[in-house]
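Residue strings, one per chain:
Protein chains: 2
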Amino acid sequence: MIIFKHAMKIPSALYQMKRNLSSKGSKLIDGKKISQEIQKEIRVEIDAWMNKGHRRPCLIAILVGENPASQKYVHNKMKAAKDIGITSKTIKLPNTTTESEIIEEIKRLNEDSSVDGILVQLPVPEHVSERNVCNAVDPHKDVDGFHITNMGRLAINLDTFVPATALGVIELIKRSQVPTLGKNVVVCGRSKNVGLPIALLLHSDARNECPGHEATVTICHRHTPPEELSCFTKRADIIITATGIVNLIKADMVKPGACIIDVGINRIMTEEGKPKIVGDVDFEAVCEVAGHITPVPGGVGPMTVAMLMFNTLKAAKNLVKNQQ
Amino acid sequence: MIIFKHAMKIPSALYQMKRNLSSKGSKLIDGKKISQEIQKEIRVEIDAWMNKGHRRPCLIAILVGENPASQKYVHNKMKAAKDIGITSKTIKLPNTTTESEIIEEIKRLNEDSSVDGILVQLPVPEHVSERNVCNAVDPHKDVDGFHITNMGRLAINLDTFVPATALGVIELIKRSQVPTLGKNVVVCGRSKNVGLPIALLLHSDARNECPGHEATVTICHRHTPPEELSCFTKRADIIITATGIVNLIKADMVKPGACIIDVGINRIMTEEGKPKIVGDVDFEAVCEVAGHITPVPGGVGPMTVAMLMFNTLKAAKNLVKNQQ
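First to last, the sequence lines map onto chains Y and C.
Under UniProt numbering, think of the first position of the first sequence as 1, with each following residue one higher.
Under UniProt numbering, think of the first position of the second sequence as 1, with each following residue one higher.
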């Protein structure tokens, strides 16, 4: 009782969450901690890289318009880059910038040998084609992995830049030592930069240049009937959800011991009228049955930034290798 | 009884098959007939195209080495092209041709404005990189859909050349009026030119530039445990198998009324010691439960050639459109 009272006096959400989880048998996948480990590893690699006489890796973000969420995302990415030892800069363009002006800017960066990674923060304004902009980035500098060539390389498991969130999900599964070979995976959501790349990486052959993970993968989406979704998830060893639907995954849909990766980021109001960020999973209830589970926030979110740094260092190394 | 005796006197395999099927309630998907319908439609389209003053579409095959199966496949494709009104030619190169010599030949065809479609018959000899050769073909002339850019376009549902066998499977499902929206599909086999493109087309959104088919898709493969495969197939409305495993799909694995598309081509010996071509499905037994089923031969096989003709006409039209 004394311990409990003490805990109540320091009401840290994560503390409370961990306490609940350990009593329930679920193992929290602490994305924040894992992302910090990865960033530490990358920092060490960057030091080693520079000790070999190479310049500091360099990441440039292009931010078009004043979308507050985009501004925040870019700020977080650039801060992480700086902290890790990557030269970073944000090119801010007004909302009125034309597509060809953006593409001109990208071409300038493509040709700039001091730049390793280029990212265009999405969404771009409506008058700009997202696809044209993504395809304008040199595939070798495409640290977001959105260029059509890199999507093709991913589809046939050639070495490529895997979109950072998808790569983050895979890394969480790997570092949590959750087996995938011959296991049933359900991916909820088929977006081209999250659900699809995850499905492509998880179902494919481990012997490929970009190794797959040999799982049996089911891709579910808006047209999967709820009762069918439930059938699939109940047999799944791993459930990955990236739908933006609050409480899509409930406890009675989860096989005991399954690993749950929640990519959803949903802004809701609590009963007390307070804003709160939640995922797609009914977290408290699912913890009772899951073997591993990611919290939201603090799960997949921090991994996206870490894997972007991973891709940037990779771009820097590839550029030197290709020059040789 | 008299009718039965009469039937015995004209022992046509297809006749016998159809008779069995109609008594069992399964509807045979006659790929040969459907492919002939498609080829007839393409012939009409080619006539209309030429009536507008355009030249005849032109397809060139590159055949390296003396592989008898490859020779036969190329022969069939070129014959179909000729029959349909497509100019066709096979460039035969010796087995000793180097990769760069093959790529030089491809480049010449890329630049030849009288050529619409180029296909390199696979497999190429071991000393040649299949990937380099596929990527050397101008994506606009890549009627096999194997270029990395076209794989990327397929992955994100942009208009592209879909690999012919995958396109043939989709067309068989469409023309048999088998619904896909929200239905469970199992794809057995994850090859990059058959299983994967089929899965990409079937799971994705119908509102895309290259429309998807809105099914819930499970990709199974060598590491899917047999008992799990069976669980998935039993719940499937459509099963597509492209594994090369004889009798992989048995009657007790199939939901009554399901649609079965058999891409397998396996050479076996009958009990009487005669060679026979069969698919991946235990055809006779599965007919008892399936709603629709493709035979082997005469199912998917003929569709591959028809859809290659479709892609060649499409290439011809695109080339003119891109010149305008």
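Quick caveat, the hints were computed from the structure, so don't treat them as lab data.
Where is the CB? At the ideal position from N, CA and C, for every residue including glycine.
Check each hint, because a few of them may be wrong.
Far from chain C, by Cβ distances over 12 Å, these chain Y residues were calculated [as the list claims (entries may be wrong)]:
| no. | residue |
| --- | --- |
| 1 | 46 |
| 2 | 192 |
| 3 | 275 |
Below 20 Å or equal to it, Euclidean Cα-Cα: the simulated SDA-like pairs (lysine to any residue) are [unchecked claim]:
| no. | chain 1 | residue 1 | chain 2 | residue 2 |
| --- | --- | --- | --- | --- |
| 4 | C | 40 | C | 93 |
| 5 | Y | 192 | C | 208 |
| 6 | C | 174 | Y | 223 |
| 7 | Y | 192 | C | 207 |
| 8 | C | 276 | C | 247 |
| 9 | C | 192 | Y | 229 |
| 10 | Y | 234 | C | 192 |
| 11 | C | 234 | Y | 235 |
| 12 | C | 192 | Y | 235 |
| 13 | C | 234 | Y | 130 |
| 14 | Y | 192 | C | 40 |
| 15 | Y | 192 | C | 159 |
Hint check:
Separation of residue 46/Y from chain C is adequate, the least Cβ-Cβ distance of about 30 Å exceeding the 12 Å criterion. Annotated as non-interface, residue 192/Y brings its C-beta within 12 Å of a C-beta of chain C; the closest such distance is 5 Å. At roughly 31 Å, the least C-beta separation between residue 275/Y and chain C is larger than 12 Å, which holds for a residue marked as non-interface. Using a Cα cut-off of 20 Å, the hinted pair residue 40/C and residue 93/C is violated, with the two alpha carbons roughly 32 Å apart.
Among the hinted pairs, residue 192/Y with residue 208/C is consistent with the structure: their alpha-carbon atoms are about 12 Å apart, no more than 20 Å. Simply put, residue 174/C and residue 223/Y have alpha-carbon atoms about 18 Å apart, close enough for the 20 Å limit, and the pair holds. Between residue 192/Y and residue 207/C the alpha-carbon distance is near 14 Å, which keeps this suggested pair within the 20 Å criterion. With a C-alpha separation of about 14 Å, the suggested pair residue 276/C and residue 247/C falls inside the 20 Å cut-off, and the hint holds.
With a C-alpha separation of about 27 Å, the suggested pair residue 192/C and residue 229/Y falls outside the 20 Å cut-off, and the hint is violated. Between residue 234/Y and residue 192/C the CA atoms are separated by roughly 29 Å; this puts the pair beyond 20 Å, and the hint is violated. Among the hinted pairs, residue 234/C with residue 235/Y is consistent with the structure: their alpha-carbon atoms are about 14 Å apart, no more than 20 Å. At most 20 Å may separate the alpha-carbon atoms for a hinted pair to count; residue 192/C and residue 235/Y exceed this at roughly 27 Å.
Proposed proximity of residue 234/C and residue 130/Y is contradicted: the alpha carbons are some 41 Å apart, above 20 Å. A hinted pair counts as satisfied when its Cα atoms are at most 20 Å apart, and residue 192/Y with residue 40/C does not qualify at roughly 36 Å. Between residue 192/Y and residue 159/C the alpha-carbon distance is near 15 Å, which keeps this suggested pair within the 20 Å criterion.
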